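Asker: Just so you know, the sequences run in chain order A and B. The first sequence runs 1 to 288 under the UniProt record's numbering. The second sequence runs 1 to 311 under the UniProt record's numbering.
In case anyone wonders, no lab produced these hints; they're calculated from the structure. Mixed in with the good hints there might be a few duds.
Claimed, not checked - Which residues of chain B face chain A? A few of them, derived with a C-beta cut under 8 Å, are:
(1) Val52
(2) Met55
(3) Lys56
(4) Val80
(5) Glu88
(6) Met89
(7) Phe92
(8) Phe102
(9) Met105
(10) Pro107
(11) Gln146
Unchecked claim - Keeping only pairs whose Cα atoms sit at most 16 Å apart, straight-line, the calculated EDC-like set for lysine to aspartate or glutamate is:
(12) B:Lys97 with B:Glu116
(13) A:Lys9 with B:Glu100
(14) B:Lys151 with B:Glu112
(15) B:Lys16 with A:Asp284
(16) B:Lys29 with B:Glu181
(17) B:Lys9 with B:Glu59
(18) A:Lys104 with B:Glu85
(19) B:Lys56 with A:Asp284
(20) B:Lys243 with B:Glu181
The structure presented is a predicted model; accordingly, all values stated were derived computationally and were not measured. We put the beta carbon where it would ideally sit given N, CA and C, even for glycine.
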Amino acid sequence: MSNLSQLIKNEFIKLHHYKSTWAMYIILAILLIGSALITNFVVDQSMMINQTFQGELMQAYQSMGLEVPAYDMWAFVAENISYISFITIFIIVVAAKIISNEYKWGTIKLLLIRPAGRGTVLASKYITVLLFAVVLILYTIVLSLLIGLIFFGVDAWNPTIVDNMGSGYTEVSIIASIGKDILFQLVPLIIVATLSFMIAILFKGSAMAIAASIVIYIAAPIITMMVSQYEIAKYLLTAHLNLQEIFEGTPIIEGTSLGFSIAVLLVYYIVFMAAGWLTFKKRDVAGN
Amino acid sequence: MTEIAMELKNVSKRIKNKEIIKDVSFQIKQGEVFGFVGPNGAGKTTTIRMMVGLMKLTEGDIHIVGKSIQTDYSEAIREVGAIVENPEMYPFLTGRKNLEQFARMIPGTTKERIEEVVRLVGLEKVVNDRVGGYSLGMRQRLGIAQALLHKPSILILDEPTNGLDPSGMKEIRQYIRTLAETEKVSVIVSSHLLSEIELMCDRISVIKNGALIAVEDVEKNRKAEDSDISEYAISVSNAQTAKAHLDRLEEDALFVEAVDETTLKTAVKREQIPVILKELLIHDINVYEVQAAKGTLEDKFFDLIGENVIE
Ligand SMILES: Nc1ncnc2c1ncn2[C@@H]1O[C@H](COP(=O)(O)OP(=O)(O)OP(=O)(O)O)[C@@H](O)[C@H]1O
Ligand SMILES: [Mg+2]
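Start from the sequences, fold in the hints, and give me the full structure.
Answerer: This is the structure:
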């Protein structure tokens, strides 16, 4: 098992030798600082609050006798959780490249003539992809907390807000609400990263893997809409990538429950994993 | 007692119904340098890929220090260090960082060992430079360093002198010999040039169109060359008449053959040459040249190897 951790260490070292990896950290930092600057200097914050807290949500606050929170560090962090969609795209690229680069450089041969079996080598790469996603998400959160604190200050360390936690609006702590949002973004991230990883294995290249995965991720609602009148639409991967909507009871395909979505996603996940794993384990390594 | 480092037993490989390797069997002894020769497309790389588990065997088995590459992969591969086809490394890492990557892949490989192999292949000066800037010769050496890192019993080098200049080739040749002696490893070296490989090998096998056609002891061959009878080619004005005269000579073991109108081929002892020349000159046959056949393995195998027919 220590061998697996050594292999993961190797993968992290390689990953952090690419300029593109550092570009990801830099882009995220620029996005965060940029949105702080815009929120601070360009937009009227009270108007932003008014825009967010309308209709049902506002009523919920009033009926529960809670005060609408001012725009502070927590609001900034909660907003920036949506940057996980950028991270998802970065991870799609990383998942494809971590496989295709070894073929491109011919180093796949050197990886596979070691005592660690092919399964372990592949596991180290897959785990690296997921760990790197966690690193990027933590990086975004920590940076958001810092920037948010500097620009907007903090009212309470764990304020209670109102959010839709599945069965309508309820009172929750902001940390739980943010955790839920992260979780709902993490699921599609893992699914499309696994898809990209698998396609890269099948084609030994990254172009197809990146293109297909990004299209599925970004155009998921459009694709689902286009086929929504057919029965099979509810079995499409794209109909289940926005778990937040399904959770809140407003899915694209009517009547989709969270349980059903999770089951469908699980089936896709297992198929992607099996296809990638079996191909990688069985295939002859010849030519480049 | 000589132990067997590697054994191929009736190894065959079929890809899309095309038989690429046909029933190949041979053994490599501990500590010997074994040459694997064949023209382009003969199946050298394919065989090596099967030896290191990159390709599955269609039939047969390969044992490395007694362990099957098919059923005891981890233990078998632990004993192998290899360069397959080209010495590829991570171009954006330095030589040392590359070696550290490979060291982590095999538990128990120490920092000291990295320094040791770097010294062994003479890369001390450039080991902290990025591999992307290495010359082919440096990359070959780094490839060998990588293959030796975990003290394998068998070193497999696929065309290690490919693309090197003559002095680079000579160097690599020298340290393959040195390695066999200092590190006590068996070495398998493939090449499409017999003349080049025979200088460093103890034994040579020849593969052509996927079939093993000969396994020869280089030492034995060298001895054969020293034996008294050797071949000579003689250029004369008229080969037929010359042969007629020579056939009448009462010399023992004199074999003469007219190859074409002006060339005679003969297998004689060295001291018989003046006798032959005297005989020819007496009969007014002009002699332009007498040349000893080189008698290297190249000649011996030339007919065997010939052109590789790509089927
Ligand atoms: N993956 C493959 N699919 C189909 N045919 C292959 C494959 N790999 C090798 N071959 C065929 O197998 C034969 C042997 O190839 P191989 O690379 O082993 O030759 P080689 O002896 O190493 O030649 P070279 O001196 O050119 O390196 C060739 O005819 C080649 O076309
Ligand atoms: Mg080859």
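Asker: Given the hinted pair Lys9 (chain B) and Glu59 (chain B), is their Cα-Cα distance within 16 Å?
Answerer: The hint holds at about 9 Å.
Asker: Is the interface hint satisfied for Met89 (chain B)? The criterion is a beta-carbon contact with chain A at less than 8 Å.
Answerer: Cβ of Met89 (chain B) sits 7 Å from chain A, so the hint holds.
Asker: Just to be careful: measuring from the Cβ of Phe102 (chain B) to every Cβ in chain A, is the smallest value less than 8 Å?
Answerer: This hint holds: Phe102 (chain B) lies near chain A, its Cβ roughly 7 Å from the closest one there, short of 8 Å.
Asker: Classify the hint on Met55 (chain B) as holds or violated, based on whether any CB of chain A lies nearer than 8 Å to its CB.
Answerer: holds, 4 Å
Asker: Can Met105 (chain B) be said to touch chain A, with a Cβ gap under 8 Å?
Answerer: It holds, given that the least Cβ distance between Met105 (chain B) and chain A is near 4 Å, below 8 Å.
Asker: Is the interface hint satisfied for Val52 (chain B)? The criterion is a beta-carbon contact with chain A at less than 8 Å.
Answerer: Holds, about 5 Å.
Asker: Are the Cα atoms of Lys97 (chain B) and Glu116 (chain B) separated by 16 Å or less?
Answerer: Judged against 16 Å, a Cα distance of about 15 Å means the pair holds.
Asker: Can you confirm whether the C-alpha distance between Lys243 (chain B) and Glu181 (chain B) stays at or below 16 Å?
Answerer: violated, 50 Å
Asker: Double-check Glu88 (chain B) for me: the hint is only fine if its C-beta lies closer than 8 Å to a C-beta in chain A.
Answerer: holds, 4 Å
Asker: Given the hinted pair Lys104 (chain A) and Glu85 (chain B), is their alpha-carbon gap at most 16 Å?
Answerer: holds, 14 Å
Asker: At a threshold of 8 Å, is the proposed contact between Phe92 (chain B) and chain A supported by beta-carbon distances?
Answerer: Because about 5 Å separates Phe92 (chain B) from the closest Cβ in chain A, which is inside the 8 Å limit, the hint holds.
Asker: Against the 16 Å threshold, does the CA-CA distance of Lys56 (chain B) and Asp284 (chain A) hold or violate the hint?
Answerer: Roughly 6 Å between the alpha carbons, so the hint for Lys56 (chain B) and Asp284 (chain A) holds.
When the structure is compared with the earlier hints, a violation turns up for hint 20 alone.
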